[in-house]
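Using the sequences and the accompanying hints, generate a full structural model.
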Amino acid sequence: MSYRQAISTCFKKYVTFSGRASRSEFWYFFLFVYIFAAIFYFIDSATGLQMGASTQEMNIGGTVVPFDNPGVGVLTLIWGLITLLPGISVMVRRVHDSDKSGWLVLLGYVLMLACGIGTILLLVLALLKSTPGDNKYGAANA
1 MSYRQAISTC
11 FKKYVTFSGR
21 ASRSEFWYFF
31 LFVYIFAAIF
41 YFIDSATGLQ
51 MGASTQEMNI
61 GGTVVPFDNP
71 GVGVLTLIWG
81 LITLLPGISV
91 MVRRVHDSDK
101 SGWLVLLGYV
111 LMLACGIGTI
121 LLLVLALLKS
131 TPGDNKYGAA
141 NA
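Quick note on numbering: full-length UniProt numbering labels position 132 of the sequence shown as 132, and the sequence is numbered without any gaps.
Where hints are given, some of them may not hold.
[Said to hold, decoys possible] Label pairs and their calculated CB-CB ranges:
| no. | residue 1 | residue 2 | range |
| --- | --- | --- | --- |
| 1 | Ala140 | Lys100 | 47 to 57 Å |
| 2 | Leu113 | Tyr34 | 13 to 23 Å |
| 3 | Asp134 | Gly80 | 46 to 56 Å |
If you're looking for bench data, these hints aren't it; they were derived computationally from the structure. Note that beta-carbon positions come from the ideal geometry of N, C-alpha and C, so glycine has one too.
Given below as structure tokens:
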């Protein structure tokens, strides 16, 4: 399948979760999506089209942590919404092509979300202020 055919097929099968997708269909489509995402991100950054961009401080357990929030680029967000369903559907069809259930894709997204939440939880726990004095885990560090 050619590059143009892959992109056309993925948009025509926007929400078709049955059937199969070849490796070329899948990878050409994702190459297309990520190339344009990078272009739109660059345009958003260059023109200041970010929503919610700010520099803030967050208080985590008594520790003030400064961070920059680049916000969400308007064009990048629109592109992500346009390509979300075709991306998921071609992924399901790609998994079908290897004779696996498309539900594995949902499992992958759930695990990806859990990893993100887990990462944030670990960061918050690492930033917590020490308890004063000894606790049930041992003596206070000097």
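Structure-based check of each hint:
Taking the beta carbon of each, Ala140 and Lys100 are about 52 Å apart, inside 47 to 57 Å as hinted. The beta-carbon spacing between Leu113 and Tyr34, approximately 20 Å, falls within the hinted interval of 13 to 23 Å. Our hint of 46 to 56 Å for Asp134 and Gly80 holds, since their Cβ atoms are close to 50 Å apart.
Checked against the numbered hints given earlier, the structure satisfies every one of them.
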